[in-house]
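The residues making up each chain are set out below.
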Amino acid sequence: MKRMRLSPQLVGAYAIVAIGALMMLGPFWFMFVFATHTNREILSLPPPLWFGDAFLDNLRQLLTSLPHFWKNVGWSFYIALVSTALNLFFCSLAGFAFALYDFKYRDALFAFVMATMLLPSFVGMIPTALIMSWLEWMNQPRALYVPGAVGALGIFMMRQYIRSAIPKELVDAARIDGCGEFAIYWRIVLPLIGPALGTLGLITFIGSWNNFIGPLIVIRDMEMYTVPLALRSLQGTGQIPWGPISAGSAIAVLPLLVLFMLASRRLIDGLTAGAVKS
Amino acid sequence: MPKRRPTMHARTATSTAETKAIARPARGRSRRPWLSKRRAPYLFISPFFILFAVFGLFPLLFSVYLSFHRWDPAAGLAAMRFVGLENYLYVLQDDEWFHKSVYNTLWLAVVSGLPQHLVALPLAFFFHRALGRWRNAVVGVYFLPFITSTVAISLVFSSLFSRDFGVVNATLTSLHQVPVLGWLFPEQNIDWGQPGYTKWMIAFVVWWRYVGWNAVLYLSAMQTIPRDLYEAATIDGATPWQQFRWITLPLLKPMIFFAVTLTIIGNLQLFEEPFILTGGTGGIGQAGKTAAMHMYGTAFVDGDFGTASAIAWLLFLLIGAATWANNRLLGQREEGTR
Chain D
0 MKRMRLSPQL VGAYAIVAIG ALMMLGPFWF MFVFATHTNR EILSLPPPLW
50 FGDAFLDNLR QLLTSLPHFW KNVGWSFYIA LVSTALNLFF CSLAGFAFAL
100 YDFKYRDALF AFVMATMLLP SFVGMIPTAL IMSWLEWMNQ PRALYVPGAV
150 GALGIFMMRQ YIRSAIPKEL VDAARIDGCG EFAIYWRIVL PLIGPALGTL
200 GLITFIGSWN NFIGPLIVIR DMEMYTVPLA LRSLQGTGQI PWGPISAGSA
250 IAVLPLLVLF MLASRRLIDG LTAGAVKS
Chain R
0 MPKRRPTMHA RTATSTAETK AIARPARGRS RRPWLSKRRA PYLFISPFFI
50 LFAVFGLFPL LFSVYLSFHR WDPAAGLAAM RFVGLENYLY VLQDDEWFHK
100 SVYNTLWLAV VSGLPQHLVA LPLAFFFHRA LGRWRNAVVG VYFLPFITST
150 VAISLVFSSL FSRDFGVVNA TLTSLHQVPV LGWLFPEQNI DWGQPGYTKW
200 MIAFVVWWRY VGWNAVLYLS AMQTIPRDLY EAATIDGATP WQQFRWITLP
250 LLKPMIFFAV TLTIIGNLQL FEEPFILTGG TGGIGQAGKT AAMHMYGTAF
300 VDGDFGTASA IAWLLFLLIG AATWANNRLL GQREEGTR
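Residue numbers (numbering that gives the first Met the number 0), protein chains in the order written: chain D, 0 to 277; chain R, 0 to 337.
Simulated from the structure, these hints should not be mistaken for laboratory data. Among the hints, a few may not be true.
[What the hints assert, rightly or not] Under 10 Å between C-beta atoms, here's a sample of chain R residues computed to sit facing chain D:
{"#": "1", "residue": "42"}
{"#": "2", "residue": "50"}
{"#": "3", "residue": "54"}
{"#": "4", "residue": "57"}
{"#": "5", "residue": "58"}
{"#": "6", "residue": "59"}
{"#": "7", "residue": "72"}
{"#": "8", "residue": "129"}
{"#": "9", "residue": "136"}
{"#": "10", "residue": "138"}
{"#": "11", "residue": "146"}
{"#": "12", "residue": "152"}
{"#": "13", "residue": "161"}
{"#": "14", "residue": "219"}
{"#": "15", "residue": "220"}
{"#": "16", "residue": "270"}
[What the hints assert, rightly or not] The calculated lysine-lysine pairs, modelled on BS3-like cross-linking and capped at a C-alpha distance of 25 Å, are:
{"#": "17", "chain 1": "D", "residue 1": "103", "chain 2": "R", "residue 2": "36"}
{"#": "18", "chain 1": "R", "residue 1": "198", "chain 2": "R", "residue 2": "99"}
{"#": "19", "chain 1": "D", "residue 1": "103", "chain 2": "D", "residue 2": "167"}
{"#": "20", "chain 1": "D", "residue 1": "167", "chain 2": "R", "residue 2": "36"}
Note that beta-carbon positions come from the ideal geometry of N, C-alpha and C, so glycine has one too.
Work the whole structure out from these sequences, hints included.
Shown next, in the form of structure tokens:
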């Protein structure tokens, strides 16, 4: 599309959008800057705008208040990775079934899967806590990755992609050659749906990494905390240690920034794809 | 240590099927494989239905049950006492914090939600029309808040909003010095912890997090609008504003409906941002306590699961009513004209 001619209004619009962009980035900037300053420097006027040299001090303080912080980071990674692996497997398997098989009640079952997205998740929050304690899954990572091991949105994404990327004839030909049903999935479908797996993987990983309410309800033991819970526990009464908090937040946000820089296009397209089609 | 075991458990059902199916293929079609073409799809979709039954449907039904009972969880399941609608009546009539938290939730939904869309629409139009090769980078910047950890970024915001040394106050008071427009900004530092200001702070953070997401939604819908419409309009001498008003906006209506629905559903369940920004307390005078926070507190701080379940269902009704109203306002008419 041709660019619009440069008018005063357009220059104004550019300026506003640029200020907006600064507003979007500002909190990230200050998070990284504060992570490298002592509390005294942060609580001075004007506030620091450029990096200092107190990062390691802040990290040391963070590890004093949260002795298990690295373990917490480990749990966050572990839960996010397991949950991503489970989702990729189960969503693609179900998406494959919905996309390339004809079976009785297929459309009704698929409609049902889609309808579950409308159910209010927060209503189930209270009983979920009870179920987890009955199962004796409290304080266990499985309480976080098992319930969400396969989701309706993931199944939808996979079905759409498999339908458009894999012709039915290919599957039929494999079957005639004696390929078993699971082998069709594992050897033919899975290698062909890399892009969709990548997108779903990113979305699941980020969702799990950022999840706060889930762990808030099922994880009580500080040693088992995920990163958001650990960070939140730094909030207390009295003097708030902004330096260490910023350092911890920076560590929590860094993996996301890296992922986003590597794959922002795919992530944005993946997250909006469902919306545009509907 | 629950390291690998759970994964194995969850997979047992399929893994037997897997090994058998993999062992078969070479043997040809003469023998019927265990995992037949007829059975396979049901097996493949079954994990979803099993997990949904246990962790989706059962909790919902159990929550209905709980909402009609008075129960102290510490006393065991036998201590549950049926009380009919008592929990609901209590919440509706006597639970002062419920009323306050619903008011806060609605206030936040409107004050953070409306500007999200009022800004996102023109912003997306600008992304679409006026940004060349910089588009992806700029869109990425606006989208970034949406994917970051709410807890981490809300903690950062609570430091930015601190009264005496916060960046926000420093910026606002220095903008007060600006000629002509200076009067728009405060001369003194604002105490964002005070009831009158807490909600504004929360609304800003929520707006900040979601404005880019909405802009991206609108942008993706705008990209499906045929270019020749704009080209024809340009030839006819339509200004960008006129094109936005008379081409983009009408064609975007389905997406506006969709995006507003998402905002309504999300904002009425608002939890993480106010929870962190008010230190989990709801702030002075509970000015920043949302209905979801009230539900959480009733269940997990007060230990009153029955009342909390009633709150959950009342909140659900509220969300239902709001989406219905939105459907009447933005959705229905679209169908009628078609």
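Hints and how they fare:
1. Hint on residue 42 of chain R holds. Least Cβ distance to chain D is approximately 8 Å, under the 10 Å limit.
2. A cut of 10 Å between beta carbons decides the hint on residue 50 of chain R: the least distance to chain D is about 6 Å, and the hint holds.
3. Interface hint at residue 54 of chain R: satisfied, since its Cβ lies 4 Å from the closest Cβ of chain D, which is below the 10 Å cut-off.
4. The interface hint given for residue 57 of chain R is met, as the beta carbon of that residue sits about 7 Å from the closest beta carbon of chain D, less than 10 Å.
5. Hint status for residue 58 of chain R: holds, given a least beta-carbon distance of 3 Å to chain D, under 10 Å.
6. Taking 10 Å as the C-beta cut-off, the interface hint given for residue 59 of chain R holds, the closest approach to chain D being about 5 Å.
7. Because the smallest distance between the Cβ of residue 72 of chain R and any Cβ of chain D comes to about 7 Å, under 10 Å, the interface hint for this residue holds.
8. A least Cβ separation of about 6 Å between residue 129 of chain R and chain D falls short of the 10 Å threshold, and the interface hint therefore holds.
9. For residue 136 of chain R, the suggested interface contact is upheld, since its CB lies about 9 Å from the closest CB of chain D, less than 10 Å.
10. Among the interface hints, the one on residue 138 of chain R holds; its C-beta lies about 7 Å from the nearest C-beta in chain D, closer than the 10 Å criterion.
11. Look at residue 146 of chain R: its Cβ gets to within about 6 Å of chain D, closer than 10 Å, so that hint holds up.
12. Taking 10 Å as the C-beta contact cut-off toward chain D, the hint placing residue 152 of chain R at the interface holds, the least distance being around 6 Å.
13. Because the closest C-beta pair between residue 161 of chain R and chain D is about 8 Å apart, less than 10 Å, the hint holds.
14. Interface hint at residue 219 of chain R: satisfied, since its Cβ lies 4 Å from the closest Cβ of chain D, which is below the 10 Å cut-off.
15. Satisfaction of the interface hint for residue 220 of chain R is found here, the shortest Cβ-Cβ separation to chain D being roughly 6 Å, below the 10 Å cut-off.
16. The interface hint given for residue 270 of chain R is met, as the beta carbon of that residue sits about 6 Å from the closest beta carbon of chain D, less than 10 Å.
17. Only pairs whose Cα atoms come within 25 Å are accepted, and residue 103 of chain D paired with residue 36 of chain R is accepted, the gap being roughly 12 Å.
18. Between the alpha carbons of residue 198 of chain R and residue 99 of chain R the distance comes to roughly 13 Å, so the proposed pair stays at or under 25 Å and holds.
19. Distance check on the hinted pair: residue 103 of chain D and residue 167 of chain D sit about 18 Å apart at the alpha-carbon level, within 25 Å; holds.
20. Our distance criterion of 25 Å between C-alpha atoms is met by residue 167 of chain D and residue 36 of chain R, whose separation comes to about 14 Å.
This entry satisfies every hint, going by the numbered hints stated previously.
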